[in-house]
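Put chain B on the given structure of chain A with help from the hints.
Chain residues, written in single-letter form:
There are 2 protein chains.
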Amino acid sequence: MTVPRTSFPTLHGRDEAHTPVQIAESVLSRQSPLTELDTVFSWFAELRERSFTEVERVPLAAMTGWRTDQETGNIGHRSGKFYTVQGLDVRVPDGPVPHWNQPIIDQPEVGILGILVKEFHGVLHCLMQAKVEPGNCNGLQLSPTVQATRSNYTGVHNGRSVPYLEYFRDQGRHHVLADVRQSEQGSWFYQKRNRNMVVEVFEDVELLDGFCWLTLGQLHQLLAVDDIVNMDARTVLACLPFAGKNLIPAFSPGDSFRSSLIRSYSEQSGTLHPTSQILNWLTDVRTREEVHTTTVPLRGLPGWYRDDDVIAHESGRFFELIGVHVRAGGREVAEWSQPMIRPLETGVVAFLVAQFGGVLHALVRAMVQPGYKDVAELAPTVQCAPGNYDDLPPASRPRFLDVVTSATAEQVRYDVTLSEEGGRFYHARNRYLVVEVAPDPQFDHPDFRWMPLHQMVDLLRHSHYVNVEARSLVACLHSLSGA
Amino acid sequence: MTVPRTSFPTLHGRDEAHTPVQIAESVLSRQSPLTELDTVFSWFAELRERSFTEVERVPLAAMTGWRTDQETGNIGHRSGKFYTVQGLDVRVPDGPVPHWNQPIIDQPEVGILGILVKEFHGVLHCLMQAKVEPGNCNGLQLSPTVQATRSNYTGVHNGRSVPYLEYFRDQGRHHVLADVRQSEQGSWFYQKRNRNMVVEVFEDVELLDGFCWLTLGQLHQLLAVDDIVNMDARTVLACLPFAGKNLIPAFSPGDSFRSSLIRSYSEQSGTLHPTSQILNWLTDVRTREEVHTTTVPLRGLPGWYRDDDVIAHESGRFFELIGVHVRAGGREVAEWSQPMIRPLETGVVAFLVAQFGGVLHALVRAMVQPGYKDVAELAPTVQCAPGNYDDLPPASRPRFLDVVTSATAEQVRYDVTLSEEGGRFYHARNRYLVVEVAPDPQFDHPDFRWMPLHQMVDLLRHSHYVNVEARSLVACLHSLSGA
Chain A
1 MTVPRTSFPT
11 LHGRDEAHTP
21 VQIAESVLSR
31 QSPLTELDTV
41 FSWFAELRER
51 SFTEVERVPL
61 AAMTGWRTDQ
71 ETGNIGHRSG
81 KFYTVQGLDV
91 RVPDGPVPHW
101 NQPIIDQPEV
111 GILGILVKEF
121 HGVLHCLMQA
131 KVEPGNCNGL
141 QLSPTVQATR
151 SNYTGVHNGR
161 SVPYLEYFRD
171 QGRHHVLADV
181 RQSEQGSWFY
191 QKRNRNMVVE
201 VFEDVELLDG
211 FCWLTLGQLH
221 QLLAVDDIVN
231 MDARTVLACL
241 PFAGKNLIPA
251 FSPGDSFRSS
261 LIRSYSEQSG
271 TLHPTSQILN
281 WLTDVRTREE
291 VHTTTVPLRG
301 LPGWYRDDDV
311 IAHESGRFFE
321 LIGVHVRAGG
331 REVAEWSQPM
341 IRPLETGVVA
351 FLVAQFGGVL
361 HALVRAMVQP
371 GYKDVAELAP
381 TVQCAPGNYD
391 DLPPASRPRF
401 LDVVTSATAE
411 QVRYDVTLSE
421 EGGRFYHARN
431 RYLVVEVAPD
441 PQFDHPDFRW
451 MPLHQMVDLL
461 RHSHYVNVEA
471 RSLVACLHSL
481 SGA
Chain B
1 MTVPRTSFPT
11 LHGRDEAHTP
21 VQIAESVLSR
31 QSPLTELDTV
41 FSWFAELRER
51 SFTEVERVPL
61 AAMTGWRTDQ
71 ETGNIGHRSG
81 KFYTVQGLDV
91 RVPDGPVPHW
101 NQPIIDQPEV
111 GILGILVKEF
121 HGVLHCLMQA
131 KVEPGNCNGL
141 QLSPTVQATR
151 SNYTGVHNGR
161 SVPYLEYFRD
171 QGRHHVLADV
181 RQSEQGSWFY
191 QKRNRNMVVE
201 VFEDVELLDG
211 FCWLTLGQLH
221 QLLAVDDIVN
231 MDARTVLACL
241 PFAGKNLIPA
251 FSPGDSFRSS
261 LIRSYSEQSG
271 TLHPTSQILN
281 WLTDVRTREE
291 VHTTTVPLRG
301 LPGWYRDDDV
311 IAHESGRFFE
321 LIGVHVRAGG
331 REVAEWSQPM
341 IRPLETGVVA
351 FLVAQFGGVL
361 HALVRAMVQP
371 GYKDVAELAP
381 TVQCAPGNYD
391 DLPPASRPRF
401 LDVVTSATAE
411 QVRYDVTLSE
421 EGGRFYHARN
431 RYLVVEVAPD
441 PQFDHPDFRW
451 MPLHQMVDLL
461 RHSHYVNVEA
471 RSLVACLHSL
481 SGA
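One line per chain: the protein sequences are A and B, in this order.
In terms of the numbering used here, the numbers along the first sequence are unbroken and rise by one, the last being 483.
In terms of the numbering used here, the numbers along the second sequence are unbroken and rise by one, the last being 483.
Only chain A is shown next, with the shape it has when bound in the complex (with noise of 0.2 Å):
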């Protein structure tokens, strides 16, 4: 047949080979004619100052708004919107716990996390929010541009409208550079996912107060000081479509390790593993693996006790549920209570890394957690609270814990404090650290891969492979590569 011949636009490459390059000139950036990194700091100061928020902790009962069921004992808001505190019987057979009880939120909504991004002289600036949550230790923090939950956004919260929402509602205009539901943590969240999205703006932006213009090389030096980068920035930085072709002469050359970083964001560079076996790990032990969860009534969960003040496990580990009262001047409602999870104590979080052929690959674990949607997610090498192993015969221990812990000074690349997420979880801090060791493939256990960046990044871009530790990871490594 002969087909008429219509005009047609233009085909683009699969995949835009100019927004890696983009991103490499912004990490390359280590300062910004917009922000100075200094004036950061004492922006910080001055708002902390002007925020006068108050949190308090208050007995679960105390809490405005919120109501315990009669029936079940879970706890959830008046409104039936936010989110619920429910409980979860878990069960993994093959796990070094095969059957347990546990407080866990349940929060339905997807919500926004949103980075905007404009290029200024030629560089992109990520637009950044100086955000107080209840449960930050430091009050306040840098966070995406939006960090919305659907209540906010429709209303709910009968509070002011989310500033710059408009520009991720509706994206015809701007150039989407990330948009994929990841999940968060799957031991305190049940299925709860949130969409992570970067949006490339090319007209004007009103600055507003509270807010500022970052290049990720910026970024990167913040990501370097406790309790600076949200977990909400740090997983919308990950999601960034970092790695591609031709990426290595972009960067000027620099030690063996971030030399091998930078090989290890370029596909061309190869890989242990090609992604076939990667992904035919992964969907295997998402097949093997039995984990069994089941929604069960708060009130009377095995192992746990609730008095006036709090829900928590008899044997005094692993985290507490918290009403806290917060009264707050910078948010969208001036004072409101909420249930939090309160961790017991400060986690550690390490990938281990290794130079194969020059090029950097991290030890990824294909970890299982009850409030994940499909079994199983790419993990830091260790992701734990090492009190909860206490009690547990050492063969229970995680694996590598010892050897991040005994790591030599050189050997640790990155050790810095970070919080999680403080709109649920209350001084909930995590130790995260990339520790180099000799490249040696007896690493790779059946629940262990060594895997270069690109092949994260490509990951990245489709939902609930990387969990939102190894997420937070992936942009503390990535701070590494422009210094």
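Just so you know, these hints were derived from the structure itself, not from any lab.
All C-beta atoms, glycine included, are put in the ideal place defined by N, C-alpha and C.
Hints may contain errors.
Claimed, not checked - If you only want the chain B side, here are some residues facing chain A, beta carbon under 8 Å, derived:
id	residue
1	Leu11
2	His12
3	Arg30
4	Leu34
5	Glu109
6	Leu165
7	Thr275
8	Ser276
9	His454
10	Arg461
11	His462
Unchecked claim - Pairs of lysine-lysine, DSS-like flavour, derived with a Cα cap of 27 Å:
id	chain 1	residue 1	chain 2	residue 2
12	A	Lys81	A	Lys373
13	A	Lys81	B	Lys373
14	A	Lys373	B	Lys81
What follows is chain B alone, placed relative to chain A:
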């Protein structure tokens, strides 16, 4: 630090470049020294005679081994295994029918659909099985090497072991070309998934009775015949890493349609929408569309009645749930009963395709179905049982159905009636069509996007992007590349 360098294995490309070329060569092999295509039909005729399978419709209450739950009316096997039939309450507020109830099959086990491949005389051959399924309209169809539910291979069937299963359960020594869990019919199955696998072996493989080795070129010729290549074979064939770089020279030039199809396999040919835009579009649909499903008792399901024989809709439309009793000679178990879904008409499944810049694109729909794990999947342009829409206003008729039914003979590039899964569905058939239209970007609609094959093949490596009807059509499109 100085990291001691040990010896390490060679790095691979992210993907194996050789595999797509190997596949292309098998596609172009229209004949094989192992099996003559003509003999497949006589072999089928002979096996049909030998397999003497009798399928008899029986009342639901007369099915051996199955029971109806007193309270819920749900139908399940006495062993608690296999699958259950229950009710589903579906709310899709923005759909043409905002609320309905229906019976649905719940089969939480992940089975294996696997094709073993091996090079003979330098050409990849697939080990195919002539397999009887009770729902097949013609008894015997060509199936993957292994087509096994978990109950099959863990012995619940109390039957013989599944031949060749060990290659798919212990893949360590072999070369895994594809391994991905994919959804099946979202209108009849509740969140069902099967593991689609292609495993290449390098060792000698015994050829058992009822199996034969065929090239992809031979399978493609069989795909031009009604009801020969079964659904399970089609979905696995669609998951082969068909696309790749530098594929174009492997094919000899053809007419404009075939040339544009072959260019469609190469990511170097470009695409109307970069993958980041496609992912953004699908994430947006999956976040925007509301689908609420609740499993409810089958007893008293609104709109449906149950008599001695069947469960059926009061309107006489959609499908029936029937019982069958099977006496088989060639299967694991000699005699059994089971409930099956019997659709009431032959459906239409069609891709509109068009050449944009000389590159064939298919018009893909983001389709909401109640049984999907994640709201929507990429579906054919048209996928429906036309009779279901007779009572609805014209605006609710499936978009583009009229373009398909009114296509001229020279627009129709493929038109074959193929069977759906014969293990659960009774005489379920769809007319699969590929219809070429002029390249008009105007077809882009909020729920539709033009995509070249390399983009679909890329997404087919991951779970839950491309639905089973679209996967069948992708296999059919592949069959047009070697002609």
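Hints, verified against the model:
Taken as an interface hint, B/Leu11 checks out: its beta carbon lies about 3 Å from the nearest beta carbon of chain A, inside 8 Å. Among the interface hints, the one on B/His12 holds; its C-beta lies about 5 Å from the nearest C-beta in chain A, closer than the 8 Å criterion. A hinted interface residue such as B/Arg30 counts as satisfied when its beta carbon comes closer than 8 Å to some beta carbon of chain A; here the least separation is about 24 Å, so the hint is violated. At about 26 Å, the closest approach between the beta carbon of B/Leu34 and any beta carbon in chain A exceeds 8 Å, and the interface hint on this residue is violated.
For the restraint placing B/Glu109 at the interface with chain A, the shortest Cβ-Cβ distance is roughly 10 Å, beyond the 8 Å limit, so the hint is violated. Checking B/Leu165 against chain A by beta carbon gives a least distance of about 14 Å; that is not within 8 Å, so the hint is violated. Interface hint status for B/Thr275: upheld, as the beta-carbon distance to the closest one in chain A is roughly 5 Å, under 8 Å. The interface hint given for B/Ser276 is met, as the beta carbon of that residue sits about 6 Å from the closest beta carbon of chain A, less than 8 Å.
Annotation: interface hint on B/His454 holds; nearest CB of chain A at approximately 7 Å, less than 8 Å. Interface restraint check: B/Arg461 against chain A, minimum CB-CB distance 6 Å, threshold 8 Å, status holds. Interface restraint check: B/His462 against chain A, minimum CB-CB distance 5 Å, threshold 8 Å, status holds. A hinted pair counts as satisfied when its Cα atoms are at most 27 Å apart, and A/Lys81 with A/Lys373 qualifies at roughly 21 Å.
With a C-alpha separation of about 23 Å, the suggested pairing of A/Lys81 with B/Lys373 holds against the 27 Å cut-off. Taking the CA atoms of A/Lys373 and B/Lys81, the gap is near 23 Å; set against the 27 Å cutoff, the hint holds.
When held up to the earlier numbered hints, the structure conflicts with 3, 4, 5, 6 and fits the remainder.
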